[in-house]
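Use the sequences and the hints to build the structure in full.
Chains as they are written, first to last, in our numbering: chain A, 1 to 219; chain B, 1 to 219; chain C, 1 to 219; chain D, 1 to 219.
One should not assume that every hint holds.
[As the list claims (entries may be wrong)] Cβ-to-Cβ under 10 Å is the rule here; a few derived chain D residues that face chain A: (1) Leu-39; (2) Ile-79; (3) Phe-85.
FYI, nobody ran anything at the bench for these hints, they're computed from the structure. Positions of the beta carbon are idealized from the N, C-alpha and C atoms, including for glycine.
Letter by letter, the chains look like this.
There are 4 protein chains.
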Amino acid sequence: MLENQNVREEPNPMSLSETTRIEAFSDGVFAIAITLLILEIQVPTELPEGTRLWTALLQQGASYISYLAAFATIGIMWINHHRMFNIIRRADSWLLVFNLLLLLGITFIPFPTTLVADYLGTPDASTAMAVYAGNTVVIAIFYNLLWRYAAHNDHLLDPNIDMNAIRAINRGYLFGPLLYSVAFVFAFISVPVSLAIVIGLALFFALPPRNPLTARSLL
Amino acid sequence: MLENQNVREEPNPMSLSETTRIEAFSDGVFAIAITLLILEIQVPTELPEGTRLWTALLQQGASYISYLAAFATIGIMWINHHRMFNIIRRADSWLLVFNLLLLLGITFIPFPTTLVADYLGTPDASTAMAVYAGNTVVIAIFYNLLWRYAAHNDHLLDPNIDMNAIRAINRGYLFGPLLYSVAFVFAFISVPVSLAIVIGLALFFALPPRNPLTARSLL
Amino acid sequence: MLENQNVREEPNPMSLSETTRIEAFSDGVFAIAITLLILEIQVPTELPEGTRLWTALLQQGASYISYLAAFATIGIMWINHHRMFNIIRRADSWLLVFNLLLLLGITFIPFPTTLVADYLGTPDASTAMAVYAGNTVVIAIFYNLLWRYAAHNDHLLDPNIDMNAIRAINRGYLFGPLLYSVAFVFAFISVPVSLAIVIGLALFFALPPRNPLTARSLL
Amino acid sequence: MLENQNVREEPNPMSLSETTRIEAFSDGVFAIAITLLILEIQVPTELPEGTRLWTALLQQGASYISYLAAFATIGIMWINHHRMFNIIRRADSWLLVFNLLLLLGITFIPFPTTLVADYLGTPDASTAMAVYAGNTVVIAIFYNLLWRYAAHNDHLLDPNIDMNAIRAINRGYLFGPLLYSVAFVFAFISVPVSLAIVIGLALFFALPPRNPLTARSLL
Chain A
1 MLENQNVREE PNPMSLSETT RIEAFSDGVF AIAITLLILE IQVPTELPEG TRLWTALLQQ
61 GASYISYLAA FATIGIMWIN HHRMFNIIRR ADSWLLVFNL LLLLGITFIP FPTTLVADYL
121 GTPDASTAMA VYAGNTVVIA IFYNLLWRYA AHNDHLLDPN IDMNAIRAIN RGYLFGPLLY
181 SVAFVFAFIS VPVSLAIVIG LALFFALPPR NPLTARSLL
Chain B
1 MLENQNVREE PNPMSLSETT RIEAFSDGVF AIAITLLILE IQVPTELPEG TRLWTALLQQ
61 GASYISYLAA FATIGIMWIN HHRMFNIIRR ADSWLLVFNL LLLLGITFIP FPTTLVADYL
121 GTPDASTAMA VYAGNTVVIA IFYNLLWRYA AHNDHLLDPN IDMNAIRAIN RGYLFGPLLY
181 SVAFVFAFIS VPVSLAIVIG LALFFALPPR NPLTARSLL
Chain C
1 MLENQNVREE PNPMSLSETT RIEAFSDGVF AIAITLLILE IQVPTELPEG TRLWTALLQQ
61 GASYISYLAA FATIGIMWIN HHRMFNIIRR ADSWLLVFNL LLLLGITFIP FPTTLVADYL
121 GTPDASTAMA VYAGNTVVIA IFYNLLWRYA AHNDHLLDPN IDMNAIRAIN RGYLFGPLLY
181 SVAFVFAFIS VPVSLAIVIG LALFFALPPR NPLTARSLL
Chain D
1 MLENQNVREE PNPMSLSETT RIEAFSDGVF AIAITLLILE IQVPTELPEG TRLWTALLQQ
61 GASYISYLAA FATIGIMWIN HHRMFNIIRR ADSWLLVFNL LLLLGITFIP FPTTLVADYL
121 GTPDASTAMA VYAGNTVVIA IFYNLLWRYA AHNDHLLDPN IDMNAIRAIN RGYLFGPLLY
181 SVAFVFAFIS VPVSLAIVIG LALFFALPPR NPLTARSLL
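What follows is the structure, encoded as structure tokens:
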């Protein structure tokens, strides 16, 4: 482990503080990305003659839907990041790099969110939705990279974790990229269905699973 | 508890770190939402011929009032979140979901704040104020959901808390949605009164209560 | 102390976590406010015919100066907040309120910063500078309120602190509002002098003092 | 050490909390700066007649490249800050000041990033790239100042660190300003090469080094 190369006396506290700061930095990025989403919802200005504010507010329904979808997406991804780092107890340089790749996908979310808000209901809605769903596929892949790297190097994991549980999680995580790919494909067939899949996946993954072995297994 | 399913050996430190990270993420969201509010206050540009800057600054009084109202609202909500998590010592997946719902309401605040700043003094002020007060009602309801879920599952609470205190808090929290609903109704009768109620509630709830049993009981 | 009313068994760890979360929230606010400042510097767009980018960049010198002044102001205020909470070990509801008032002043800084950047060199520069310096006076007063409240209720302080040191800090903190008031008055006489005072105060307060007794005493 | 002047009884816990809060504040700044970058990528509005969204998205390739470059730059700088503070165990006022200078460079990054995004492919691309690379040179110099100050005052470092390792790090850090200066010079010769150097340096520095003695030695 890189950070311990010159400091071998107290590996444990060093490692604990190691993931603590990764989590703190990641929490910051998740918190900012989820809070910046509100900047995407435009405040109506210069209402046309005879239009009341409440009409204008109702007309931008696409903004609220894409806001909710993005909030749910980032929220569930934070929950899963959180669960993953409950098991990961040590860090090395590659883990930092894979975590940064994951955060790259997270910080990108406000961009496709605004795309969907602006182009929902236009002929370009498919493109906007494809960028949104495509980004979630990429994030799901980065989640797998991060987890598989940590699980492969099991000295990075909490030693109390059962190997069967890890294998179950390995299998479970595979569904993430797959399911989000379905949303991506539907972007070109039906934008509302694609959007519904993205929101549905977030709600589904947020709730506690029935089978303990798959507890942390789905993205 | 979901996070402990595969790691039963040391439930306590796990649980502690559990709420620690929820609090860190929530603190981040509160801190960003309260700091983003300033972006709502417009810097006057292209002053009309003969207008001085100080005149232009004084004319946007609605911006400062809505800024103060929103700052007070988020500030008091952070204080109450803080108090609630002084009692909550463990977390499970549903608690994470209810906390995210609460944060959804918090991150939304900059939007109605700008609405009020832009439409105060216009015929659409009622609509803007209703959106603002309506959002606080929703937040107050989410606070109740979060607290009641934690209190109902009292294994999530600090074991040293007296059950009578919890029941008193249960009763007290009911006032939050009720009082903010009054502000919501007044949005359609008198916008200044509605705004005064929102600010007044924030100041009232921020200060230490006289009766210890209701110490944490009002939103 | 409000937070301990129902949980008297372990006052110390409770109190420690109390200020820890205040510091975390405050750190978030300081970090966001200092990072948002960059949004104030405009990227030149639509360069006039024959103008090169480097000319346009040089012409917005006022933006860089006000950026540096605001960065230095927030930076030194974070350092002082940090020092103050090295001594404050417990919290109550009033401390939370005074801390929020202080943060109100901090989150406001990006607004006068943009004002100064936009109006430096115009006849309205005095107004812009007066708003900037006026806000720092208000912040310095809130620092005094926060510190005096904590010092007056010395059970909130680290018990190892010497009372003579506290009295010296009390005297020292008085200089903050006074010195920033000088910058405020100079806004109406000479904007560059006022700006130089604000930057100078930040640099002066950042560096370690020679006399240990006044170590934490100046804003 | 300034913070300990009046509190000599328990130097160790005080010092630990000292760097903890510096790291928390710095993490916040890094997290916000890296997340704000997305605001630089414009959502295409008012597409010209006959232009589809995907064409418009592809046309702003410069935005994505500068986004990736800036994300990689801030990411690697966070990793290095992290590594440095694994060795630094105590803080004094000068360390706080040098750390603030470093953060000044970090928070500035979104500005040259937008410059590069807007001017890549125009005759002013060299100016934009020079500002970007110039800022990284400044950051690299501030990193050296911060590290050398901490290493010179070795009571600030973890006492378990070997002096030979520190000397190796001293030599290694010198390469940072040098290598980024090469990128700066290439801004005036070939913008793509300069951009490639910046991205390449970030990737190179992110990965674990082969020689443990230079583990933390390159910026």
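Against the structure, the hints come out as follows:
1. Leu-39: holds (8 Å)
2. Ile-79: Hint on Ile-79/D: holds, closest Cβ of chain A at ~5 Å, below 10 Å.
3. Phe-85: holds (8 Å)
The earlier numbered hints are all upheld by this structure, with none contradicted.
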